[in-house]
Amino acid sequence: MEGNTPKNTSDHVLDVRNLNVRIKVPAGTLHAVTDVDFHVDRGETLCIVGESGCGKSITSLAVMGLLPRSATMTADKLTLEGRDLLSVTDRQFADLRGDRIGMIFQDPMTSLNPVYTIGNQMEEVYIRHGKGGRKEARERAIYLLEKVGITAAASRLGQYPHQLSGGLRQRVMIAMTLMCDPALVIADEPTTALDVTIQAQILNLLKELQDEFHMGLIFITHDLGVVARIADRVAVMYAGLVVETGNAEQVFSAPMHPYTQGLLECIPIPGKTVRGSQLGSIPGIVPALIGEQEGCLFRNRCSYAREACTDGEIDLETGGDQHGYRCVLTPEETVNHIKKAPNAAVAE
Amino acid sequence: MGYFLLRRLAISLLVAITVSVIGFSLLRLSGNLAESLAGEDASPAQIAETAKAYGLDRPFHIQYFDWVTKALQGDLGQSLFTKEPVIELITDRIGTTIQVACYSLLLSLIIALPLGVLAAMKQNTWIDRSALSIAVFGQAIPNFWFALILIWVFGVLLRWTPISGTDTWRHFILPTITLSTFAMPQFMRLTRTGMLDVLESDYIRTARAKGLSPAVVLWKHGLRNAILPVVSLAAVAFGFLLGGSFIVESIFALNGIGYLALESIQRQDFPVVQSIVVFISVVYIGLTLLSDLINAQLDPRIRLH
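Residue numbers (the working numbering), protein chains in the order written: chain A, 1 to 348; chain B, 349 to 653.
Errors might be hidden in some of the hints.
Said to hold, decoys possible - Here are the simulated DSSO-like pairs of lysine-lysine, each with C-alpha atoms no more than 27 angstroms apart in a straight line:
#1 A:LYS147 x A:LYS131
#2 A:LYS131 x B:LYS418
#3 A:LYS131 x A:LYS207
#4 A:LYS77 x A:LYS24
#5 B:LYS400 x B:LYS418
#6 B:LYS470 x A:LYS135
#7 A:LYS147 x A:LYS77
#8 A:LYS24 x B:LYS568
#9 B:LYS431 x B:LYS400
Source of the hints: derived by calculation from the structure; they are not laboratory data.
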């Protein structure tokens, strides 16, 4: 299992170009994900950030091939370790799921099947992908349970999910995802349902495991605090679009999109934010994404909104430095705004 | 598991005692037994004599304990009509009833489970709608009427099956179909609803994210969770098929326990009626216990309660 075949390191583990997901709903067609580009390399963490309904989970389900039947997906490119996922059959896609690409879900309390033991659920994925027999599967499961910090691993295999706490169950989920040594792991808000102290442990654990197993990690979250801790690169999503993307440092130190700026206003910074002062909030609500959309979708909530925001499509502007954002403002304008009113950008 | 089993057994025992008391009392409350035993023209002296002969003059609780002690030893008294021991009457007849009940339960489950799963998978398609229509049909039509239609079509017009008696397995075809038509829809609907819930659940998504085949996702991860209420219902339905099939038994002249009960009620053969009531109840209790144990085996969380 250890000692992976060396892959082309220049190739991305996952490469997504122009991903669109449309979902048929009674009211019409929901533009859940629009023109999304991103890529992940081995050993790299990409955080997809955004509020509920921004399309981040749908994006991950699209990559997993687990979209609901009412959804249709199109993309110019969708490759996993160089393999084209757009042309594979359902069966071939299933062969990759759990093997080359794994997913950790939000709620560990409900993500494990209550009627089967931990061991059964961990071993089945190993056996399903032809990695070995029951004995090897068991050994691998014990090895990984120890890796994720579960004591008395061998005896845990006979336990049922309800006998474990939420934090332990999420560790089990993580161990289960690693059973076949995937190249890419997608973690969809894996810490949201957990206690704050457990959250930090799980984050550290994921980081450690990523270093050890050298996998690509897509971390989906709405929590910028989490992003700051683990992200190499960030993609901020709003209303189905990536509105800003770049290295974690770029996005955090010089957010170019008013939405990203707004998000950053919402979190207190230890030592900087005055105790008792009002934190920022972004007024308004996310627009309904039924039917064709025009212009910048954030304009109704944006304090810089102007004529130019209403028409056409706003492209993801990228400089040479991989920092891109979808906004009509020039970098100079944005910087000036921020300088003028560092805290008024989005408050009230 | 040990504690769970003990608790269930204790509860079952309590229910059995309660049922036996109620069963015993009901007949005694339904009129003066000695009067009806002695016959219409009996004089008060004759009635008193009859009461004495049958021990009906003793206090209620003495009668009850006497009856229970004997019943536990397998002595349920004698039929007033045929003078045979009641236990023999019941054991002679119960085989047929159990046979029909087993066939019907089996046939309903064999049809209902796959149909329910399929309907859930293909929710709101024509498959789903047809399955539901069949269910509504099965639940809406009266048993006895459907039995008569079956007899007329398959027994009289087509002459494919015998219409009464219990001589060969072919005699069981029509009763089994009749009873299944009644029992199947409940199983089907419950399986469908359970499966719909389960298919939405997070662990099914996890199973799919692991690349498991649709069959494994459905049958291993889905059905075991969806089937729990069906098991409980099956126990109740089986009890109903045992005790409540007397209409079907009379129509097809199956000499089962339901038919025996009907005869005995008409003959005022109270030891038989009383024994059947208690017997069926005890079987019911046993079945409920069994379904609880099966469910505990299927879902470890149940063992906690």
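Going down the list of hints, with the structure as the test:
For the suggested pair LYS147 (chain A) and LYS131 (chain A), the alpha carbons sit about 19 angstroms apart, so the restraint of at most 27 angstroms is met. Between the alpha carbons of LYS131 (chain A) and LYS418 (chain B) the distance comes to roughly 64 angstroms, so the proposed pair goes past 27 angstroms and is violated. With a C-alpha separation of about 25 angstroms, the suggested pairing of LYS131 (chain A) with LYS207 (chain A) holds against the 27 angstroms cut-off. Proposed proximity of LYS77 (chain A) and LYS24 (chain A) is supported: the alpha carbons are some 23 angstroms apart, at most 27 angstroms.
Pair hint LYS400 (chain B) plus LYS418 (chain B) holds up; C-alpha atoms about 18 angstroms apart against a cutoff of 27 angstroms. Between LYS470 (chain B) and LYS135 (chain A) the CA atoms are separated by roughly 38 angstroms; this puts the pair beyond 27 angstroms, and the hint is violated. Taking the CA atoms of LYS147 (chain A) and LYS77 (chain A), the gap is about 35 angstroms. The hint is violated against a cut of 27 angstroms. At most 27 angstroms may separate the alpha-carbon atoms for a hinted pair to count; LYS24 (chain A) and LYS568 (chain B) exceed this at roughly 30 angstroms.
Distance restraint check for LYS431 (chain B) and LYS400 (chain B): the Cα-Cα separation of roughly 18 angstroms lies within the 27 angstroms cut-off, and the hinted pair is therefore satisfied.
Violation of the numbered hints given earlier is confined to hints 2, 6, 7 and 8; the remaining hints are satisfied by the structure.
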